[in-house]
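Order-wise, the sequence lines are chains E and B. Residue numbering for the first sequence follows my numbering, starting at 1 and increasing by one per position. Residue numbering for the second sequence follows my numbering, starting at 1001 and increasing by one per position.
Just so you know, the hints here were simulated from the structure itself, not pulled from any lab data. Careful: at least some of the hints might be erroneous.
[Said to hold, decoys possible] Listed next, with one range per pair, are the computed distances between beta-carbon atoms:
1. E:Gly249 with B:Ser1130: 36 to 42 Å
2. E:Met1 with B:Ser1127: 25 to 31 Å
3. B:Leu1224 with E:Thr135: 35 to 41 Å
4. B:Arg1251 with E:Ala304: 38 to 44 Å
5. E:Ser127 with B:Ser1273: 21 to 27 Å
[What the hints assert, rightly or not] Far from chain E by the CB rule (all over 10 Å, computed), these chain B residues:
6. Pro1033
7. Ala1081
8. His1186
9. Pro1203
10. Thr1215
11. Glu1259
12. Ala1290
[To be verified] Per the computed footprint, the stretches of chain B lying under chain E, defined by three or more beta-carbons under 8 Å from a beta-carbon of chain E, are:
13. 1115 to 1124
14. 1172 to 1183
15. 1189 to 1197
16. 1217 to 1229
17. 1239 to 1253
18. 1261 to 1270
19. 1297 to 1303
Note that CB positions come from ideal geometry on N, CA and C, so glycine has one too.
Protein chains: 2
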Amino acid sequence: MRPLCVLGLGLIGGSVLRAATAAGIEAWAASAPGTDIEAASAEGFSVLEPSEALRAAAERDALICLAVPLPAVDEVLSNIAEHTSAPLLTDVVSVKQPVLDAVRRILPDARYVGGHPMAGKAESGWSASSAELFTGADWAVCLEPETELANWRTVCALALACGARVVPAGAAEHDRAVARISHLPHVFAEVLAELGARNGALPLRLAAGSFSDATRVAGTRPELVRAMCDGNAEALSEVLDSAIEALRGAREALGPVIESGHRGRTELDRLRSAPGTELSVDLTAPEAHAGLLAIGERGGVITAIDGEHAHALVP
Amino acid sequence: MRPLCVLGLGLIGGSVLRAATAAGIEAWAASAPGTDIEAASAEGFSVLEPSEALRAAAERDALICLAVPLPAVDEVLSNIAEHTSAPLLTDVVSVKQPVLDAVRRILPDARYVGGHPMAGKAESGWSASSAELFTGADWAVCLEPETELANWRTVCALALACGARVVPAGAAEHDRAVARISHLPHVFAEVLAELGARNGALPLRLAAGSFSDATRVAGTRPELVRAMCDGNAEALSEVLDSAIEALRGAREALGPVIESGHRGRTELDRLRSAPGTELSVDLTAPEAHAGLLAIGERGGVITAIDGEHAHALVP
Chain E
1 MRPLCVLGLG LIGGSVLRAA TAAGIEAWAA SAPGTDIEAA SAEGFSVLEP
51 SEALRAAAER DALICLAVPL PAVDEVLSNI AEHTSAPLLT DVVSVKQPVL
101 DAVRRILPDA RYVGGHPMAG KAESGWSASS AELFTGADWA VCLEPETELA
151 NWRTVCALAL ACGARVVPAG AAEHDRAVAR ISHLPHVFAE VLAELGARNG
201 ALPLRLAAGS FSDATRVAGT RPELVRAMCD GNAEALSEVL DSAIEALRGA
251 REALGPVIES GHRGRTELDR LRSAPGTELS VDLTAPEAHA GLLAIGERGG
301 VITAIDGEHA HALVP
Chain B
1001 MRPLCVLGLG LIGGSVLRAA TAAGIEAWAA SAPGTDIEAA SAEGFSVLEP
1051 SEALRAAAER DALICLAVPL PAVDEVLSNI AEHTSAPLLT DVVSVKQPVL
1101 DAVRRILPDA RYVGGHPMAG KAESGWSASS AELFTGADWA VCLEPETELA
1151 NWRTVCALAL ACGARVVPAG AAEHDRAVAR ISHLPHVFAE VLAELGARNG
1201 ALPLRLAAGS FSDATRVAGT RPELVRAMCD GNAEALSEVL DSAIEALRGA
1251 REALGPVIES GHRGRTELDR LRSAPGTELS VDLTAPEAHA GLLAIGERGG
1301 VITAIDGEHA HALVP
């Protein structure tokens, strides 16, 4: 497998370095000074100076994995551009269109394929990272009309090597999806938590498990929630409008909202428990792009790549 | 302790019968034909014909505990009225003002003190009931300006005997509180689940633990959610308006919503982990009503009653 250069040693970057190394991929990393560089080195991982790491990546045409927060992406892309104009590049940032836009602006010749592993935990930083973080998780790997499938396959192989299953999706579709299943739930949790605490302590006293579950993510540090939502502001605004409309509907008639909500939840349970049908996509066929995207749209995942064929499970 | 007559053998009624019996209270029950009467009898519980159970309750001035769904309350109150005009009465229905209104209409001389144990599980019916369901749970016991504290103490003693801690609250305040911490979270879960499932399967595929937690209660049978919300329609409408306003605010500026939500969730965690200050309320004092209600408003609970004193823990 192609060598890997991970930029950033937080929870996700650290876990990519660990998981890829455990899978036998030759990998090295770089991180901003003052982070967990020493801890990673002490564990025997190869942590280089950023310019040294990027020089090695350029020389060996390694896959570079950007594992920094969205606000740092522009600067790191500019650093990469000093060493190579057409890197093989992926990232693990939780929104995809802003990263794609930044790559098109700063490194227009990059062989870029965005990624987003759907895994996390409450703790952050290298000390929370784990080689098993991605085991069984879904990992969105982005596919735009101009994406070369050879590059897509390389990024896909990294995700699979880390133990994940790959969900093919366009960057814009990915961002609209996470607005619905991640960013809106955060905003809902904040609103519920605020309303629960608004009029004295009696409501919070009477709150049971359902309220705890519904407000759990409101315990996330505000600046992290803010950064996450700001990075996907347009898609979040759109789905907030839909949510306000749905709640206005509930104000008039509860029945339809309850029925459709129950159908949605049933669909989630079905999707998760369905054994799935096996499919195979020939990556050399002209319809491969469309075939891969259709798998994601139907809620399927790529479980393996074997020669020129991607094997999928579709519910 | 005073004998107990439980009307209804579902999850909550059955658990009250089991827990009270286990605590040494002489208890009998009645239930609608076709329910779990035989199963309860087979376990050695005394299950009588409804009229027989009510005659025994009238003769012994037992505490009658109404454990039927809200739509059945009027009919059961009328049945009680055929045997006694001034029963000592409580209930375990999840909304309190509609039951209070029904008692005032049908049994105006009843010595009524409403109750709501904040405990439940996904399963329902006698087979799901358990003597331990209320262990460590909060149990709201209602206090209106006209409530006789001797009657309030009797209902409080039942809740404590069942292993719960008592939260004193007015019926209207209780209903406004549960609209915030139970009914609105249900509506939010329905809206999230519907929006997640609306545009193809990609969003549900990418959904992780936070979406599962946030939509879990949307898996509840629609008719149960409907009945629960309909029983508290006025308070729910009011807090839905507040929620729509908060989401409109989030649409304009996310920062304040995130900050106040985080404060609310922190307050919940604080309330739950606070060791609490011990307080005692003299139930014979003229300010006893106000003192008890203040405990609930401050997020406190009554942990024991000892002679004429209620012992409380207040965060």
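Results of checking the hints against the structure:
no. : hint                                : in the structure
1   : E:Gly249 with B:Ser1130: 36 to 42 Å : holds, 38 Å
2   : E:Met1 with B:Ser1127: 25 to 31 Å   : violated, 55 Å
3   : B:Leu1224 with E:Thr135: 35 to 41 Å : holds, 37 Å
4   : B:Arg1251 with E:Ala304: 38 to 44 Å : holds, 43 Å
5   : E:Ser127 with B:Ser1273: 21 to 27 Å : holds, 25 Å
6   : Pro1033                             : holds, 30 Å
7   : Ala1081                             : holds, 31 Å
8   : His1186                             : violated, 7 Å
9   : Pro1203                             : violated, 4 Å
10  : Thr1215                             : violated, 5 Å
11  : Glu1259                             : violated, 5 Å
12  : Ala1290                             : holds, 14 Å
13  : 1115 to 1124                        : holds (count 3)
14  : 1172 to 1183                        : holds (count 8)
15  : 1189 to 1197                        : holds (count 9)
16  : 1217 to 1229                        : holds (count 9)
17  : 1239 to 1253                        : holds (count 11)
18  : 1261 to 1270                        : holds (count 9)
19  : 1297 to 1303                        : holds (count 5)
Consistency with the previously given hints fails for numbers 2, 8, 9, 10 and 11, ordered from lowest to highest.
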